[in-house]
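Novice: The chain contents come next:
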Amino acid sequence: MTTMFSTAFRPLGSDRIDPFLVVLWIALIAIALIWVAPIIFIVFTSLKTNADVMGTGAFTPPPELFTQNYPDAWQRGNFATRFANSVIITLVKVPVGLMLSAMAAYALARITLKGKKLLLLLVLFGTMIPFQVMLAPLFTLVNSMGLLNTRLGLFLPYIAFGVPYQVFVLHGFFKEVPHELSEAALMDGASHFTIFRRIFLPISLPILAALLILDFVSTWNEFAMALVLLLDSKMWTLPLSLMVFQGEFGSEYGPLNAAIVTTVLPAVIVYLIFQRYFVGGLTSGAVKG
Amino acid sequence: MASVHIQNARKTFGDSTVLHDVSVDMDDGSFVVLVGPSGCGKSTLLRMIAGLETISGGDISIGGKSVNRLAPKDRDIAMVFQSYALYPQMTVAQNMGFSLELIGAKKPEIATKVEHAAKILGLEPLLSRYPRQLSGGQRQRVAMGRAIVRDPKVFLFDEPLSNLDAKLRVQMRAEIKALQKRLGTTTIYVTHDQIEAMTMADKIVVMRDGKVEQIGAPLDLYDRPANTFVASFIGSPSMNFIEGVVANDGKTFFAGAEKLGIPIPLCPAQAVGKAVLLGVRPEHIVIDREAGVPAEVWVVEPTGAETHLVVSLGGAQVTCVLKERISLQEGQTVPLAFDASLCHFFDPQTTLRLV
Chain A
1 MTTMFSTAFR PLGSDRIDPF LVVLWIALIA IALIWVAPII FIVFTSLKTN ADVMGTGAFT
61 PPPELFTQNY PDAWQRGNFA TRFANSVIIT LVKVPVGLML SAMAAYALAR ITLKGKKLLL
121 LLVLFGTMIP FQVMLAPLFT LVNSMGLLNT RLGLFLPYIA FGVPYQVFVL HGFFKEVPHE
181 LSEAALMDGA SHFTIFRRIF LPISLPILAA LLILDFVSTW NEFAMALVLL LDSKMWTLPL
241 SLMVFQGEFG SEYGPLNAAI VTTVLPAVIV YLIFQRYFVG GLTSGAVKG
Chain B
290 MASVHIQNAR KTFGDSTVLH DVSVDMDDGS FVVLVGPSGC GKSTLLRMIA GLETISGGDI
350 SIGGKSVNRL APKDRDIAMV FQSYALYPQM TVAQNMGFSL ELIGAKKPEI ATKVEHAAKI
410 LGLEPLLSRY PRQLSGGQRQ RVAMGRAIVR DPKVFLFDEP LSNLDAKLRV QMRAEIKALQ
470 KRLGTTTIYV THDQIEAMTM ADKIVVMRDG KVEQIGAPLD LYDRPANTFV ASFIGSPSMN
530 FIEGVVANDG KTFFAGAEKL GIPIPLCPAQ AVGKAVLLGV RPEHIVIDRE AGVPAEVWVV
590 EPTGAETHLV VSLGGAQVTC VLKERISLQE GQTVPLAFDA SLCHFFDPQT TLRLV
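Chains as they are written, first to last, in the numbering used here: chain A, 1 to 289; chain B, 290 to 644.
Hints listed in this document are in silico derivations from the structure and should not be mistaken for laboratory results. Check each hint, because a few of them may be wrong.
[Said to hold, decoys possible] In silico DSS-like links for lysine-lysine, alpha-carbon gap of 30 Å or less: (1) B:K442 with B:K396; (2) B:K456 with B:K354; (3) B:K492 with A:K114; (4) B:K362 with A:K117; (5) B:K492 with B:K442; (6) B:K492 with A:K175.
Full structure from sequences and hints, please.
Specialist: Here it is as structure tokens:
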């Protein structure tokens, strides 16, 4: 504890406590508590019996671990199907979307093309339209294509709404890659596709990892579009099934919170895996040798 | 190996022309240096030879074959970039073998060629390292290794030493020259450093504002510069130019506004009685206590090996490099003489050399 105080509150090499650092630490701890509070609440509640939920405080640890909520939630929420729906949509959409974005960003950043700026502007325009505005026309469009209640019907709009932001970020990154690097590859006999695959993709791995995390989480958690385009509850994704809990088991907070934990867990795992990689990639590139 | 011929090569970007009808012949196996100040078009010319820039007019041929419409990879050339442009995610061996991999060479063949190049460059212990783990000089060698493994017809170097410190630059200069002699591959080398050009080249192409000012062997350019630009660009410190008039007898030069008479018995016939620019290299000025003309010392710069003097000669500022150590103070007068056989005369209007 002493050593923590001796380093955390003092500027490097100084033996005086810096009040600004103390304030920073207090702010940091306060923010961390605010973020972690609902998570603690959810996890604790998911492990309580209904009686315990009513009888104990929200942040009181469960008197005894009641794990039955999880199988209950799994069954009542029809998670076997919906989990699979979410997994399939996310696992297909995220890599495909990211790959499309990367290729588009490469083309916009590196291939000589007339009207390139206009194209980029058009793509970026996509990031500026709130998707709520598009929900009604989107429904009509998907319906007219006969794709309501299908995975493809959700997959295509997901791609369309995910690509612009990723293109924006990757285009900015690719543009900064030294031209000499692609020219060297060109001299070595590489085609554009080879340069993209062998040079640009490997060096942008940290940024791809960051985009993958963001996209995975937002796709996994997406609610509104799925709600509009998936009318058949058999095709529902996980966030939609939480809605059912809210209605049917209004008073049963245990299973509801167990369902929330089950829904959130994959996103957290993916985040943890790629976050480590993301940080590793960043530091290896940042230090100039 | 191949010769390179550039015939009336022109490059325009929109309305502005950056290269005006450049023609250069480069012999098979020669080391040609393109030199000139920033923005003179030397890198553009190199990139046109490489195929990284299109050719707006004229013709470039490598080994007797026009390459105007060939992609860089089909020109059989290798290029070393100023920033080295090593692939950061590949090891040294992978960097060097990348081009062979792309043409579908077998792994054992790639390994053999990479090892061979690594041996030439002393890179063997570094083959499994990544570029970020290498020093500047080592990266430079890897960039050359990447060029060597391909065994191309022509090597192109784009200011490869400008990111290195002064000491390493001198060392790498000698290494590149020795390597070129050993491999015998035609080499085109771009630099803005005239010392690099002088020390490495078989042939120097001096460029300015998109035009070739003079082409020749290093010492030819030093001894017989075609105009004042080449005269001032080649040699360090650069040549002194003194405005003045040659006397009617052709044996005296009246320098500057003060019309200080300097005896130069070998003035060319075209210059007699006319206003000319006299060019004298700093190292061709000597102290002559009997026949020297007095000059006022402005600055004394001892470098150890020699002494640099900046003096006022008839009102003109003149730099001298003296081999001996002399103790002089600012404000003193020193008697200076020029070696008449080493003086250059230029037309002040056209800046061209008077024979």
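Novice: Decide, hint by hint, whether the structure agrees.
Specialist: So, going through the hints one by one against the coordinates:
1. For a cut-off of 30 Å, the pair hint linking K442 of chain B to K396 of chain B stands: about 23 Å separates their Cα positions.
2. Distance hint between K456 of chain B and K354 of chain B is unfulfilled; the C-alpha atoms sit about 40 Å from each other, more than 30 Å.
3. For the suggested pair K492 of chain B and K114 of chain A, the alpha carbons sit about 41 Å apart, so the restraint of at most 30 Å is broken.
4. The straight-line distance between the Cα atoms of K362 of chain B and K117 of chain A is roughly 29 Å, inside the 30 Å bound, and the hint therefore holds.
5. This hinted pair checks out: K492 of chain B and K442 of chain B have alpha carbons roughly 18 Å apart, not beyond 30 Å.
6. For the suggested pair K492 of chain B and K175 of chain A, the alpha carbons sit about 38 Å apart, so the restraint of at most 30 Å is broken.
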